[in-house]
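*Asks:* One letter stands for each residue in the lines below.
Number of protein chains: 2
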Amino acid sequence: MPGLTIGDTIPNLEVETTHGKIRIHDYVGDGWAIIFSHPADFTPVCTTELGKMAAYAEEFEKRGVKLLGISCDDVKCHMEWIKDVEAYTPGCRVTYPIVADPKREVIKLLNMVDPEEKDSNGNQLPSRALHIVGPDKKVKLSFLYPASTGRNMEEVVRVLESLQKTIKYKVATPANWKPGEPVVISPSVSNEEAKQMFPQGVENVNLPSKKDYLRFTKV
Amino acid sequence: MPGLTIGDTIPNLEVETTHGKIRIHDYVGDGWAIIFSHPADFTPVCTTELGKMAAYAEEFEKRGVKLLGISCDDVKCHMEWIKDVEAYTPGCRVTYPIVADPKREVIKLLNMVDPEEKDSNGNQLPSRALHIVGPDKKVKLSFLYPASTGRNMEEVVRVLESLQKTIKYKVATPANWKPGEPVVISPSVSNEEAKQMFPQGVENVNLPSKKDYLRFTKV
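So the protein lines, in turn, are chains W and U. Okay, so the first sequence: first residue is 0 according to numbering that gives the first Met the number 0, each after it adds one. Okay, so the second sequence: first residue is 0 according to numbering that gives the first Met the number 0, each after it adds one.
Please note that the accuracy of each hint is not assured.
In this list, chains with the same sequence are indistinguishable; a pair is considered to hold if it fits within one copy or across any two.
[To be verified] Heads up, simulated SDA-like pairs for lysine to any residue below, C-alpha to C-alpha not over 25 Å straight-line:
id, residue 1, residue 2
1, LYS65, ALA39
2, LYS137, THR94
3, LYS177, GLU58
4, LYS217, ILE166
5, LYS136, VAL156
6, LYS177, ALA53
7, LYS137, SER187
8, LYS137, GLY121
9, LYS167, ASP118
10, LYS75, VAL201
11, LYS65, GLY30
12, LYS210, ASN122
13, LYS107, PRO10
14, LYS210, GLN123
15, LYS169, ALA39
16, LYS169, ASN205
17, LYS194, LYS209
18, LYS107, GLY179
19, LYS82, SER208
Just so you know, these hints were derived from the structure itself, not from any lab.
The whole structure should be built from the sequences, with the hints applied where relevant.
*Replies:* Below is the structure:
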């Protein structure tokens with residue numbers, strides 16, 4: 000199946016949402032956005048996920064990230080369901096818009112279809128896809144999870160922190176990295192440049208190849 | 000860009016690896032597999048990731064999951080680099096095969112290209128993609144991470160546990176779920192059936208809609 004993947008520009012669709020009509024590029028603006036689908040309103044995992052997204056809203060807001068939910072239910076259904084979501088996650092308000100895509104046009108264009116899931120009429124349903132979109136409107140990172148597996152907002156915050164840090168500095172984040180831990184310096188930076196660029200200190204790892212490519216710093 | 004996505008059958012390619020020629024479907028066999036790409040040998044994040052994968056090998060093995068790495072470097076380069084990987088993560092052996100894809104054929108077919116990354120000759124490089132493939136040879140879940148962001152093996156183990164549990168029982172795992180925590184019962188199971196199916200106990204959550212769809216149990 001053809002599908003949106005990392006590096007692609009997110010289609011500039013006009014979509015119907017719980018906050019009225021939205022044009023996706025205008026919504027992303029000059030910041031970041033997380034566009035995430037859920038299979039259906041009034042279903043268990045989705046209720047826990049949308050509540051959790053609301054609970055993490057402050058984490059996303061302080062990083063300049065907007066949220067945009069999406070499923071194939073209509074706006075009226077979303078509005079009714081939000082009451083359940085908010086009741087299940089006390090103190091959390093769903094302040095982000097949720098797209099209504101009853102014709103399955105948006106989920107197809109955004110690579111958000113779970114081919115294993117159908118509604119009672121045999122219509123396609125969304126997967127638990129989540130795309131992180133940068134200020135250039137390109138997909139920077141994607142999670143493609145099936146209906147059975149709820150996402151992990153801790154991992155979403157972790158990768159967002161990595162994406163934003165690695166755009167700002169010439170670094171990358173190693174395996175299992177957590178915010179605050181050391182990062183690695185990009186291979187494009189020479190040892191001389193690294194000294195200038197990271198006066199806080201660089202730790203070079205001695206490897207059997209004697210190639211000096213594994214260098215840690217803190218940013 | 001067209002690309003492999005969840006629900007698709009992984010192409011049954013014959014690939015060149017550090018363990019000789021492998022046909023992908025034969026390698027997956029009747030079990031599970033994690034197929035994961037890295038941008039290049041002798042680069043920092045990749046070295047931490049392949050070592051971490053080796054460190055988690057026991058976790059994967061006890062779940063019946065095989066590992067298959069991939070980058071565009073050749074087999075000789077992989078073999079040299081493995082010495083660095085093993086030195087950096089002491090006590091870990093890279094016992095899984097790594098595909099050599101200098102012609103970029105495999106990474107294109109497996110949706111593992113990072114369009115932002117090029118080598119010094121202007122050739123395409125892989126992203127940090129990771130597909131979990133089930134015994135039916137279909138992609139169950141995918142991570143599409145860019146070169147800058149190392150993956151999180153804790154999240155890989157978490158979703159694997161979810162995928163294997165939700166195939167075995169009529170349940171799904173809620174947002175931020177961790178192995179051992181309660182799961183939710185699938186909407187297709189009636190309350191009567193749930194009592195029979197989960198004699199260990201079912202907790203129904205009371206929601207404003209009074210729709211009885213959020214039900215927890217332990218499996």
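*Asks:* Does each hint fit the structure? Answer for all of them.
*Replies:* Results of checking the hints against the structure:
no.: 1; hint: LYS65 with ALA39; result: within (21 Å within a copy, 33 Å between copies)
no.: 2; hint: LYS137 with THR94; result: within (24 Å within a copy, 36 Å between copies)
no.: 3; hint: LYS177 with GLU58; result: both (15 Å within a copy, 21 Å between copies)
no.: 4; hint: LYS217 with ILE166; result: within (15 Å within a copy, 42 Å between copies)
no.: 5; hint: LYS136 with VAL156; result: within (19 Å within a copy, 31 Å between copies)
no.: 6; hint: LYS177 with ALA53; result: both (22 Å within a copy, 20 Å between copies)
no.: 7; hint: LYS137 with SER187; result: within (23 Å within a copy, 37 Å between copies)
no.: 8; hint: LYS137 with GLY121; result: between (32 Å within a copy, 21 Å between copies)
no.: 9; hint: LYS167 with ASP118; result: between (44 Å within a copy, 22 Å between copies)
no.: 10; hint: LYS75 with VAL201; result: neither (55 Å within a copy, 30 Å between copies)
no.: 11; hint: LYS65 with GLY30; result: within (8 Å within a copy, 39 Å between copies)
no.: 12; hint: LYS210 with ASN122; result: between (55 Å within a copy, 22 Å between copies)
no.: 13; hint: LYS107 with PRO10; result: both (11 Å within a copy, 22 Å between copies)
no.: 14; hint: LYS210 with GLN123; result: between (51 Å within a copy, 23 Å between copies)
no.: 15; hint: LYS169 with ALA39; result: between (41 Å within a copy, 17 Å between copies)
no.: 16; hint: LYS169 with ASN205; result: within (21 Å within a copy, 50 Å between copies)
no.: 17; hint: LYS194 with LYS209; result: within (19 Å within a copy, 62 Å between copies)
no.: 18; hint: LYS107 with GLY179; result: neither (37 Å within a copy, 34 Å between copies)
no.: 19; hint: LYS82 with SER208; result: between (59 Å within a copy, 8 Å between copies)
Figure legend: structure checked against the earlier numbered hints; hints not met, in rising order: 10 and 18.
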